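Each chain, letter by letter, is given below.
Number of protein chains: 2
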Amino acid sequence: MRLSRYFLPVLKETPAEAQIVSHRYMLRAGMIKQASAGIYSWLPLGFKVLRKIENIIHEEQARAGHIAMQMPIIQSADLWRESGRYDAYGAEMLRMKDRHDRDMLFTPTAEELITDIFRANVSSYKDLPLTLYQIQWKFRDEIRPRFGVMRGREFYMKDGYNFDLTKEDALHAYNRHLVSYLRTYERMGLQAIPMRADSGPIGGDNTHEFLVLAETGESEVCYDSQITDLKFGDRQIDFESREQCQAVLEEFTSRYARTDETHDEALFNQIPEERRRVARGIEVGQIFYFGTKYSDAMGATVSDAEGNQVPVHMGSHGIGVSRLLGAIIEASHDDKGIIWPEGVTPFHAGIVNLKQGDAEADAACEALYASLTALGLEPLYDDTTERAGAKFASMDLIGLPWRITVGPRGLKNGVVELTSRRTGESEELAPEAAVAKIAAIYGVAKA
Amino acid sequence: MRLSRYFLPVLKETPAEAQIVSHRYMLRAGMIKQASAGIYSWLPLGFKVLRKIENIIHEEQARAGHIAMQMPIIQSADLWRESGRYDAYGAEMLRMKDRHDRDMLFTPTAEELITDIFRANVSSYKDLPLTLYQIQWKFRDEIRPRFGVMRGREFYMKDGYNFDLTKEDALHAYNRHLVSYLRTYERMGLQAIPMRADSGPIGGDNTHEFLVLAETGESEVCYDSQITDLKFGDRQIDFESREQCQAVLEEFTSRYARTDETHDEALFNQIPEERRRVARGIEVGQIFYFGTKYSDAMGATVSDAEGNQVPVHMGSHGIGVSRLLGAIIEASHDDKGIIWPEGVTPFHAGIVNLKQGDAEADAACEALYASLTALGLEPLYDDTTERAGAKFASMDLIGLPWRITVGPRGLKNGVVELTSRRTGESEELAPEAAVAKIAAIYGVAKA
Chain A
1 MRLSRYFLPV LKETPAEAQI VSHRYMLRAG MIKQASAGIY SWLPLGFKVL RKIENIIHEE
61 QARAGHIAMQ MPIIQSADLW RESGRYDAYG AEMLRMKDRH DRDMLFTPTA EELITDIFRA
121 NVSSYKDLPL TLYQIQWKFR DEIRPRFGVM RGREFYMKDG YNFDLTKEDA LHAYNRHLVS
181 YLRTYERMGL QAIPMRADSG PIGGDNTHEF LVLAETGESE VCYDSQITDL KFGDRQIDFE
241 SREQCQAVLE EFTSRYARTD ETHDEALFNQ IPEERRRVAR GIEVGQIFYF GTKYSDAMGA
301 TVSDAEGNQV PVHMGSHGIG VSRLLGAIIE ASHDDKGIIW PEGVTPFHAG IVNLKQGDAE
361 ADAACEALYA SLTALGLEPL YDDTTERAGA KFASMDLIGL PWRITVGPRG LKNGVVELTS
421 RRTGESEELA PEAAVAKIAA IYGVAKA
Chain B
1 MRLSRYFLPV LKETPAEAQI VSHRYMLRAG MIKQASAGIY SWLPLGFKVL RKIENIIHEE
61 QARAGHIAMQ MPIIQSADLW RESGRYDAYG AEMLRMKDRH DRDMLFTPTA EELITDIFRA
121 NVSSYKDLPL TLYQIQWKFR DEIRPRFGVM RGREFYMKDG YNFDLTKEDA LHAYNRHLVS
181 YLRTYERMGL QAIPMRADSG PIGGDNTHEF LVLAETGESE VCYDSQITDL KFGDRQIDFE
241 SREQCQAVLE EFTSRYARTD ETHDEALFNQ IPEERRRVAR GIEVGQIFYF GTKYSDAMGA
301 TVSDAEGNQV PVHMGSHGIG VSRLLGAIIE ASHDDKGIIW PEGVTPFHAG IVNLKQGDAE
361 ADAACEALYA SLTALGLEPL YDDTTERAGA KFASMDLIGL PWRITVGPRG LKNGVVELTS
421 RRTGESEELA PEAAVAKIAA IYGVAKA
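Sequences listed follow chains A and B, in order.
FYI, in this note's numbering the residues of the first sequence are 1 to 447.
FYI, in this note's numbering the residues of the second sequence are 1 to 447.
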């Protein structure tokens, strides 16, 4: 993308309403614009990151054997009355009447509807196990929305639902989600720690929240420092293997890690003092096993091998997709701006032309642009006539992990400058070598 | 995907509520399930097609130089009061109050919000031309929703907005959209004819609707038969060239083609009688140029080269994404079911195992599955123990364009059967030859 053709309304001033760094940088980098309290437009740069995160989730869900679908945003109140949650949900549910005066709502979660779809179509244990998921907009009418996309009212969420014959099967689905989520977050450059959680209004016995450590996190968390040494890495997991999934669960949840909701001071104090950590965390996902709560209430049964009708065991599993942008920025920034992890960066590299209009510099930039594009990478080429300092400031603010700086002086020596956003380190390289290095970083083959 | 692991709730009976063939087949093929009147869940097979259509639109919009973003679903009534449409929109707008008693609505279109984003961020003619678009869920509270996704209340729509300094520039944006839409629809296997249209509540002078001919279409259309001979094909268009875009517009709109709203009997009768056609059509998109209607009302101005503040010229351009599934099925089916065009098929080929459990047949199917998958194609392998007749009926119903049938008898002769869903013709081929033929059809290189 050429910056002169793009829509990237970068702000120089820090908007007064933004209290935390991710909110400030998302506004300043032209990623979002508030439309109403807690409701945002996703400007092109923000939308690109949102799509990247969405695609990673789709890929990882497919890897785990989960099936994508999509449920509607507006639902009838009827199913929610059947489950008993219509009254229980309170003022956070956005309610409305349609033109025929029927009670409708903007769905905040979809246990009821997915259970309804299941009971209408599945009748035998032979069709199990089954895990369906969607990525869809949700609404929760927070009384005081704040922190930008971290605590918005309209938000994008992945919600998945497993249906299993037995508790054992459902706990395997639970573990499978835990493994899949660990992989998903790591691909986004995040360390998200599964912590024992409180089940809240969805209900359930087994539940873990995934928290990203960050000073601005809304939850206080206590953990054993050994947990932050764990990496999922590129281990190959057979998602159908109960043993493999259970082993990962045990590895990642056997050390103490809890939010204030479930904190147990006595247990915490059993950890050697030098490993005790108290910090703050941002919740970016949660997994639940809640047994037959909804299948009992809504009559979602299957016939088992002996022909008995039994309620299915269920769980639900969520990732806060739009909130992840905020969490990633909270975890990865400096005082100049965002530092995108390679897995989710909106553009793979920036190209800064120090002397737009200089024939040689322009040609070198165009050649770099063409080479990177031919590799299937997306560069952002600042082809404007801004002065160099302003170009650098914008690039640092929007946080592309790699920047290639092109100027007449370097070109005389046959080099451009490749700079890492994270370390700030630069090296002078021939243009082809810079392209080859970026190709290697992103794991794409040179054409 | 192995059918035994998939969620494909195929119905044997035709649901009573479905009046048109696309609605019947989408329900029977397990693509959608009604959640409330005019509101559908997109089951896995339907969601896959929806995503394919969405991706084609994103690719073609990028090719035309348009920039993707996303606006929120819930908007405040304030902007709609500013444009004067809050009262004008009537009962089709789904309205609600949030917990602070503010008037909110589920957005049916986004001229107001995009104009607000524009005026807040763009102040100079140097930032033009600019075309922003989104693909987002919309709601129109139809009094009598029907025909499945063709006339639902909650629907998925691409809506794009151009901002230009002059009327001339904006008419180029209009032409660019026309060219881009022709390409987009053809990639989906559709012939969508641009017809002179009535501007309706959005307002505007220049507007064309794109109609797909189908017996069940809601509009009567009259056209010169020469128009159906036009193909966009794989011509390479420079979307920045006014001449090239204008030439395509002239080629595709100079012959008579109008809906009943704009029909002119006298003009129609000037066409030689043998070329006059009266038929029915389904609207799948519309482009508008409406000048300064919104920029005047909302103060969206830029400074021009002389430093004067001038209102921008705008247009809006829509594609009915969810409705396209219905339109494609209306245009491409037979009495056995859907016939997907290759560009949007949910799976590239079906594999039917005639004797599940037979070691040789199972191994041959697995090998085909692995070969197709290695090519980056997605096969659907019916690995269930249903009888052959039922497997064929399901494959015909869901409409994958190619089916490979594998049975012990053929394998003795070293062959499988490759069948075209469209023609019904079969040929016997060695398994590798069947894979090579499918690879060629989809234009993928054999690994």
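One thing to keep in mind: the hints can contain errors.
Any copy will do: because identical chains look the same in the list, a pair fits if it lies in one copy or spans two.
[To be verified] Using 30 Å as the maximum straight-line C-alpha spacing, the simulated DSS-like pairs for lysine-lysine come out as follows:
1) Lys97 to Lys52
2) Lys33 to Lys97
3) Lys412 to Lys293
4) Lys33 to Lys167
No wet-lab data here; the hints were simulated from the structure.
Small disclaimer: the values here were computed from a predicted structure and weren't measured.
Status of each hint after checking the structure:
Taking CA atoms no more than 30 Å apart as the test, Lys97 paired with Lys52 passes in neither setting, with 35 Å inside one copy and 33 Å between copies. For a Cα distance limit of 30 Å, the shortest separation of Lys33 from Lys97 qualifies both inside one copy, at 29 Å, and across copies, at 22 Å. Proximity of Lys412 and Lys293 under a CA criterion of 30 Å is satisfied in neither setting, with 71 Å inside one chain copy and 53 Å between copies. In this homomeric assembly, Lys33 and Lys167 come within 30 Å of each other (Cα to Cα) only across copies, at 28 Å, whereas the closest approach inside a single copy is 45 Å.
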